[in-house]
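**Q** Respectively, the protein sequence lines represent chains A and B.
Counting from 1, one number per residue, gives the positions in the first sequence under the working numbering.
Counting from 1, one number per residue, gives the positions in the second sequence under the working numbering.
None of the hints are false.
List of simulated lysine-lysine pairs, DSS-like, C-alpha gap at most 27 Å:
1) A/K10 / B/K211
2) A/K135 / B/K211
3) A/K404 / A/K441
Simulated from the structure, these hints should not be mistaken for laboratory data.
The residues making up each chain are set out below.
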Amino acid sequence: MADKNDKDSKLVGLLAQFDDPDSLISACNEARLAGYKAMDAYSPFPVHGIDPAIGIQRSLLPFLVFCVGFGACFAGLGMQYYTNAADWSPIFPGYAFKISGKPLFSFPANIPVTFEIIVLSSAFATFLGMWGLNKLPMFSNPLHRISRFKRATNDKFFLMIETKDENFNRSETESQLNQWGAVAIEECRQDLTDNQLPSWVRLVGLLGVFLLMLPPVMIFRNMGMTSRSPRLHVVPDMDWQHKEKTQVLSPVMENGEYLFTDERAMRKPVDGSIARGQLEVDSEMYRGVKKDYKAAANSAKTNARLVSASIEDKEDAPVEPDQADQAEDVSMWMTQFPEGVTVDQAFVERGQQRFNIYCSACHGYDGNGNGLVNQRAMALGANGQAQWTAAKSMHDATVKDDSKNPLGRIFDTITNGRNTMGPYGAQIPAEDRWAIVAYVKALQETGIQPATASTETDGADEEKQTDADGGSDKEEKTS
Amino acid sequence: MASVNPAIDIDNTNEEPGTRAPLVLGGLDYAGVTETVCAPWEAENPPKIWWLILAAALSLLLVLGGCVNHLLMKGVGVWGNNNPAYWGWPIVNFVFWVGIGHAGTLISAILFLFRQNWRTSINRAAEAMTIFAVVCAGLFPGIHIGRVWVFYWLFPIPTEHLAMWPNFRSPLLWDVFAVSTYATVSILFWYMGMVPDIATFRDRCKSKIGKIAYGILSLGWTGSARNWHRYEIAYTILAALATPLVLSVHTIVSFDFAVSQLPGWHTTIFPPYFVAGAIFSGFAAVVTLLVPARALYGLQNLITLRHLENMNKIIMATGMMVGTAYGIEFFIAWYSGVPNEQFAFINRAFGNFWWAYWIMVTCNVVIPQLFWFKWCRTTPWFMVIVCIFVNIGMWFERFVITITSLCRDFIPSSWAYFHPTGIDIMMLIGSFGLFTTLFLLFCRFLPVIAMAEVKSIMPHGDDHH
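Bound-form chain B, shown alone (with noise of 0.2 Å):
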């Protein structure tokens, strides 16, 4: 039914007055929307690349484990963390994940609210990205409590021997609370929005395991109208609590930093600066996913240049809002008039890690700025180099705060440098092992764009509307 090769990319993103742009091209109608979403799914075997990249995720995979299970053996010593730079790495990744896992839930549940349709075709991939990297990001900070196999003390869980609970005075504990909250609704929102989905993959399964594990998923679904009506108001309603908690969750991400009194760390433009660069991460983290399932699993019709055109705008933007927080940081740090506050960015810039000061400004401010050209907006190899670049540079963002502002604070006789251990190393690379193998499996057995979403914008009938 998809009459049109689907890997010729149309361009759709030319605004023609007076008509909305197609966002879903290459003449499909609701069949062939289906027939698209699910010929992958339906493949006797997935596509051989999937196989490598499968094999190169699960060895790396491996490598978390190995490590996870050194870190549980040795303990935390295993890690480069020293005094005075107590949080290392693995903070750097915990807030380098949450970041990327953010981009999600914004499209599915801040885009919703506003009304922009794009957002149906991609929203479902990026909640499967955003649960994947919180998932990535929870593992750091769990393994980062020093005795893991206490961690529900971290809840508040009443026990006779412990006889005390958590400080809910403290950041770190707002943390737990926030991340495992943002976890939870995220998890809820995803299956809910894919329950419709799962009854197609029910109605068109051929397996007998197959048929009994999307039947039991898909709870029984008929797509009846009195379900819809609810559906749809549990929906809305999600959406509207999910928007405050995903800005929730990178503030008090920040907060953590924030209301220690560390010079670089000590400052108010901290939360919104962060849910800026988590949005920058996050879209940047879809780009870089979905220019390549788009291609391997030909959804150029659902998945258009216009919709990459569109992420590629909001990563342009929040890069400039995070590159202007980088200038206030200083703005403030001068206007402030504190000697310690001063000292603090200007070592960042031109201390002993200048280096990755300076690639963090490189990859978050200068390149994205390419975005300004349209060829690289809608040049789907380019973009996927110029998020890498972004990532990277988010990465690099959390390096710059966490370990130049520890590695100088209040006491020079307790200054140090901060070198990562050969473990710090594989256990970063580990991780987007963990992140592929999920978001790999997920693009296998579940299906890969909210279909019935994508069907409720198309247009029918005579009225286009």
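The shape of chain A in the complex, shown without the other chains (with noise of 0.2 Å):
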């Protein structure tokens, strides 16, 4: 029977059969003793004191794993570090981005994700190097051919004795097995002609990779190339939404008309809402004007002013003069600094800085007009290539007039802009506007003398000129 096999298949090893763990190892004693190497067991579950019986070796499993998560720790760290800590962009750009005030690299917030990171390398380096290591899967294997080995994943433990060790021997290997205990042997025999794999198994493999490179193929076609249809949208709502942007015309109704009256897609405040931390009813902080003088002789406006403060209503809110009202009442504003501010040495300091801020670049660091922008815009109103009116000096003898211009006058010129000066109201907060009425107060105490008399006489003029509207006009001459 061998022989008739002998031409188509070849003799891989010897089988032996036990019926017990222990029996099993004591004879895997027995081969090793007799000088045989190439040889294996086979049980059912892993069969404990078996590796010295046949002489394993210690795997190299675990320096791999170790070697694949040390590795990792630092991969995991440098990606963090790498996407969002670093701005240098070798293919794809790093994202530094300050988020919450944290640290854009610090251990303990980097600390889960590279744990993460080694455990998740390090369990697939232990899964694939173990069955990398274990030459699996191997799906051709002539002991799957035998019958009775069916029972190695069962109950029944095998040792076979390979014909590739040199102590084999046909006839005197089986006879040591029969001694060291073997309940049966068998053959273990490969078969020769038999060791192509079956032609359907080529076709569905080459279909399935086929199939598999479709999607990732039509992708990277479609990323390489342009398109004349448009874009394609998931969720079409989440890309055009019902809604109205900022600073865009009001939608247009069926019948043509626009939905809100004043074409504008925005609204405004309800009328008489006021902003929180805008209520400002303190008239000597907020306004420069005496409570007394409120009070007095026009609680009517002010009034209105509690009641309403939309937007519409910012040029009559400040109890200024009315435009009728020629003869400005000077005895309206503050001649003191407010109750809430205390004039000391921090305070003017907070009002140099303040000043040299806003009001340096057109009145110049000394207050007397000379700013950069003033410089700038007078040369160029010289040569007819601008209009300007020039910026007014400190120290020029109305300005510094306190019967003309007391402290609340001049904080209402901050807050609200005077002649073809603008507000400044809403970009410095009442504090500050106080802390420079104060420090150009001391500016005019430094006995600086104004500036040219073309300037001085071009100013008053402007001033009575500009007076005359009102000081209604806004028009932008700021930085």
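Taking the hints as your guide, dock the two standalone chains into a single complex.
**A** Encoded structure:
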């Protein structure tokens, strides 16, 4: 029988069956002592004590996993550093983005992800490394052709001594196995005629690979070419939302008219609504107007201010001289600093700093109306290239005169602008405006002489003209 | 070969001094174990009850699918999430399912490292349960992100047009990494542990398709000693990796809450407390699944009363840890002297969600105390009832933490009550359909018990070690 098969098949080894793990171990020990090396035991579960019996060296797997895990630690940290803390861009740019005041890179915040990456990589190294070292998957194994061997995954134990062992001798090995307590011995033969994969496997495999390649090929194809057709919108109501954006025209109704008569899509606050923190009832603090004055002469207007603080009211709101009211009532303005303000060294220094930021561009650092903007505009104006009203000098006699320009009036000038000067109330908080007033007064005490006569006269003329316009000229002049 | 009637429970819960209580009963030998585990798989048709449960589970799965579709078409507004309760039931369900998903890896990894041999007959089913629970868990944050179709933005995938990366300093991103790593490692661990048993199926399978399928899945496993050697090393390494992993996952889930500033969330006790709760709910889920499964499949000789009793003891222990954590939270709120914290906890117990809080305390702290009585922890039908209550309680724990804190944030003007919608409720119920479907298919087509591992702890020859 063996001879008959010799042409078509090759003897791989002798397979001996044992009925319990202990006799398997003793047979393995005997075989090792007899000098066999190319042998393996097969059992339905890991039999403890079999490794030394057949001389298995400790696997390299733990070292392999350690190396991968160690590398993953740096890879994980590096990935987080590159993506969240680096700005250089070899291929894809990093994205150094400050968020919640957190540092761009700090170990505590980056430990969790690093840990998970270490575990994930090590687990894959373990899993793939184990199968790789075991040379699995291997679907073609002559052992699987032996029906008796099916019980190796159930309840029987096997020892195979392979023909490639130099001590292997067909009959001698068989008798030795019998001697060591084998219950049954069988030849394990490799079928040489059947060493090709079934033809359909290749076909199915090729087809599978082809089908799997289709989606990525389609994606890359579309990524690399331009298209005239509109972009694919998966969820259109996310891309075209039913809303109006800021600063656009009002939606148009079916009859062709604007939905909102003012033709704006944005709505203004309801009349009378006051934004949080902008109640500003203290007229001394916020408008530089004496409390008594307001109560006596202008109560109607102030109440209107309280009731309605909508944008439209802005020009009415401060108790400014009426357009008709040519002769300004100077007595309305505060002559003292309001109660909430303490004038000391720090306050004036604050005022200087704010003045240098907001005012010096036109009025100059010394307040003499010779700021850079002013110089440039005057030069252009001399060539007829610009219309420019010279910035006022703080040292001008009119400006210095407390009876004409009390503290409250200077505050009001900063807040609402005057003549061609624009309002700064929106940019500078009330306290800082008072600080600037304090610094202006301090500047005036320095004894700096007013600038050239031309500037002075121009300025004075201008003031007279524009005072007639009621100070409502809001032409932008500031930087 | 299984000569003893499997329907009879043998009491192996008593300690005999000087001997180890046997973990495999009924006088089963190696072949007997194989027969017992393979019998339901080799049966021509699964039992009628299996079909009934599968039909119910598939209908619930259909409901879930419908809800997810509705959500994708309409947007997250179909949920009850509101301002300020931005995290509604989806996050509650996520934490609930992830928590359940902790028992499997705990049993496979931590009990393995502690050489608790009784784990061998329950670890396979528990691992499967873990994976299916993580599938359910992953669904909820996945559909909670709003624009589901760009879910891959969660991962650091280089894109040309986005030119942005995830924010690695956010606990929500840690969560993405933790849960996806956990799911991946659990699947690797589960599959690797199953290969020798799938080889058993391959060698016993009679149908052509089965032979091919199990043949491919078993990777040509022969049970060679050289393979077993590396396999056992790999198994130990995976267990050693999975142990810190399983603890890290729920720790990081708790960071989602604890790293924020919200009173009731901003506490350092959250990581240990969440992990204890996860083990608690996970073991309860294992008991809930295994008691009917062992009755249905006649596995009483392998999943013995002793196994169930051990699990019930762990449930009781972790339940008391959770109860202690509830108490400590109140103590710390008082001790911190922070009025917001104090209010948050008084509000939990006596505010307008008081009912949820007391359901939670009753189910998680009071009811598991029944396991002090031996009858309660060794009577299968009774322990299932207790364990169902435990999981109801654990769902409410996550509800209480998420909803009560969000509904009472720092600005009283934004305080609101939370009402779930029908979609919320149907999605929660539907997720049980997904879970049950997967588990039933697992019971039908894959080895429910780790045969090789059970055999390795059976006494053999003369030495009973």
